[in-house]
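K.L.:
Residue strings, one per chain:
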Amino acid sequence: MTSPASQKPIPQPSDLAAPYWEAARQGRLKIQRCRDCRFWVHFPDVRCPRCGSEHLAFEAVSGQGRISTFTFVHRTFVAGFEGDVPYPVAWIDLVEQPGLRVFADLADTPAETVAIGLPVEVVFSERAGWGTIPSFRPAASGVATDHSSNDEPSNDGPSKDREVPS
Amino acid sequence: MSPQPFADQAAVVGVGWTPFSRDSGVTVGQLADQCVREAVADAGLRIDQVDGLMSYAMGDSVPVLGLARSLGLGRLRWHQDFWGGGTQTASILGDAAMVIAEGLADVVVVFRALNGRTGKRMGQTAVGHAEDAHFYGQYGLAGPVQLYALAAQRYLHDHGVTEEDLAAVAVELRAHAVANPRALLRTPLTVEDHHASPMVATPLRRFDCCQETDGGCAVVLTRADRARSLPHPPVLVRAAVRGGGPGCSALDRSVDIDGIFSRYIADDLWRSSGMRPGDVDLALFYDAYTWVVLAQLEDLGFCPHGEAGDFVRDGNLRLDGAIPTNTNGGLLSEAYVHGFNNVAEAIVQLRHQAGDRQVADASVALCTGFGGSFGTAAILARDDA
Chain Z
1 MTSPASQKPI PQPSDLAAPY WEAARQGRLK IQRCRDCRFW VHFPDVRCPR CGSEHLAFEA
61 VSGQGRISTF TFVHRTFVAG FEGDVPYPVA WIDLVEQPGL RVFADLADTP AETVAIGLPV
121 EVVFSERAGW GTIPSFRPAA SGVATDHSSN DEPSNDGPSK DREVPS
Chain U
1001 MSPQPFADQA AVVGVGWTPF SRDSGVTVGQ LADQCVREAV ADAGLRIDQV DGLMSYAMGD
1061 SVPVLGLARS LGLGRLRWHQ DFWGGGTQTA SILGDAAMVI AEGLADVVVV FRALNGRTGK
1121 RMGQTAVGHA EDAHFYGQYG LAGPVQLYAL AAQRYLHDHG VTEEDLAAVA VELRAHAVAN
1181 PRALLRTPLT VEDHHASPMV ATPLRRFDCC QETDGGCAVV LTRADRARSL PHPPVLVRAA
1241 VRGGGPGCSA LDRSVDIDGI FSRYIADDLW RSSGMRPGDV DLALFYDAYT WVVLAQLEDL
1301 GFCPHGEAGD FVRDGNLRLD GAIPTNTNGG LLSEAYVHGF NNVAEAIVQL RHQAGDRQVA
1361 DASVALCTGF GGSFGTAAIL ARDDA
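Chains Z and U are the protein sequences, given in the same order. Following the numbering used here, the residues of the first sequence are numbered contiguously, the last one being 166. Following the numbering used here, the residues of the second sequence are numbered contiguously, the last one being 1385.
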């Protein structure tokens, strides 16, 4: 680590992950996609998990999705986050494809509104020493447009129970 | 029903422990040496009769050949280091049984030793596999508790599990530890105590998470026919399974992010053992977290899906319950020797040497290992069961 202990870590991507973080630095959410079968792939991979193709490239996504699951971290083991506890992080199901999921923190999201199934959209947060990284906040338009089939248990409508973290 | 080729061919004949602590003051090698010597003596054998040595670890222990040297072993006929924790425990007895059944070694010692508190601490290790690591740290996520808290949150949501259900597991297992002199946490726990314990990562509180411990456990196995002439009642290795699938070990792309290993291995376990849940007298579930005990009870068929919380609250994990569970207090309350202390407890129970916490007439035990959606299970049985 080159940054002092009080600094939050910056992305240190592998070659495979670098396009994701470089796009984020430019304020865009891009996900790896198979050029042959058009399957979205995340975390990035050397080979399409669906068709086996090695022809993969990063493409922009809508940034719309729903919270698949989340946690509020109360006891942190990551330097730079000590003053933020408790803070929420979440897996977001993106609307582009069932099971396409990205990990990020939740910005501008009141704790009592954080819930599995909550429609969210990508925003970009400043990370000192790097630039912007993806975060998510409640979707301005309410329910995210769902381009995918609705076989995900979390995507069963806006009346989903709200869980209040304790 | 087709038994595994090694079924009932090998028996556990010795067991040994170091003291459990949060500050052993000795090296991992010394812990390993101590518990192995104790286990071999308990078996009524000599160190120089050991010709097989196996362990599992995650870069936090002594390699088996390092231990062979400190034990002063001469000729070894089989040695093996496995990488993993919950993905290897319990089923490693199956590996030993295979080696014995094939005649590759006669006396196999299996151990797990770690300075889990004062050495490399599992709770603060990086999480995920390879590529994942590039996506978690910058958001403040590190350590298995946080990772499995994400899976737990979804598990609670999808299965209607409450904080009271989690507390019930912690309370019931602590009650067992009270009767166990070896256990590190022996103060009785109430639901209120559980709720008052600090949150680590929602929905998991401190008392939903296992301890970090310095300690070691070892067992000795040999052929079942030879075992019958040794001091203790032989404990046969009847079945062992090790497997899994996407589930919570692939949060980025699995369709069931709250799925743990037991969902994947249940069918193989019952098919290969020729048993049903009702045939098991006690269970040693890998209890790294309270919620994974609930999931295992349901996945493995000890209670219907959606009913584990009530099942626990109704006293079914107690010594006189439907399935006495983690009678040592488990990893939550006895100690965290990466599951191997739970295996050791199964041996003690099947020998009927558990004193105040003995399950009456225990003859068949289930031991499991949780490593996310990959894991293990083994069925151990008395010679007469």
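Watch out, some of these pointers could steer you wrong.
Stated by the list, open to error - Facing chain Z, from chain U, some residues (calculated, C-beta under 7 Å):
#1 G1072
#2 R1075
#3 H1079
#4 F1082
#5 G1084
#6 R1154
#7 D1252
To be verified - Ranges of calculated distance between the beta carbons of each label pair, as one might list FRET restraints:
#8 Z:Q12 to U:D1158: 32 to 40 Å
#9 Z:G83 to U:R1186: 31 to 39 Å
#10 Z:P86 to U:R1186: 26 to 34 Å
No lab work stands behind these hints: they were computed from the structure. Remember, predicted model here, so these are calculated numbers, not experimental data. Ideal placement from N, C-alpha and C gives every residue a C-beta, glycine not left out.
K.L.:
Evaluate each hint against the coordinates.
P.N.:
Each hint tested on the structure:
For G1072 of chain U, the shortest C-beta to C-beta distance to chain Z is roughly 40 Å, which exceeds 7 Å, and the interface hint is violated. The beta carbon of R1075 of chain U comes no nearer than 44 Å to any beta carbon in chain Z, farther than 7 Å, and the hint placing it at the interface is violated. Taken as an interface hint, H1079 of chain U does not check out: its beta carbon lies about 34 Å from the nearest beta carbon of chain Z, beyond 7 Å. Of the supplied interface hints, the one on F1082 of chain U is violated, with its beta-carbon coming no nearer than about 26 Å to a beta-carbon of chain Z, more than 7 Å.
A hinted interface residue such as G1084 of chain U counts as satisfied when its beta carbon comes closer than 7 Å to some beta carbon of chain Z; here the least separation is about 21 Å, so the hint is violated. Against a cut-off of 7 Å between C-beta atoms, the interface hint on R1154 of chain U holds, since the closest Cβ of chain Z lies about 4 Å away. At its closest, the beta carbon of D1252 of chain U sits 5 Å from a beta carbon of chain Z; the interface hint therefore holds under the 7 Å criterion. Between Q12 of chain Z and D1158 of chain U the beta carbons are some 34 Å apart, a value that agrees with the proposed interval 32 to 40 Å.
Checking the proposed 31 to 39 Å range against G83 of chain Z and R1186 of chain U shows it holds: the Cβ atoms sit about 36 Å from each other. For the pair P86 of chain Z and R1186 of chain U, the beta carbons lie near 30 Å from each other, so the given range of 26 to 34 Å is met.
Of the numbered hints listed earlier, those contradicted by the structure are 1, 2, 3, 4 and 5.
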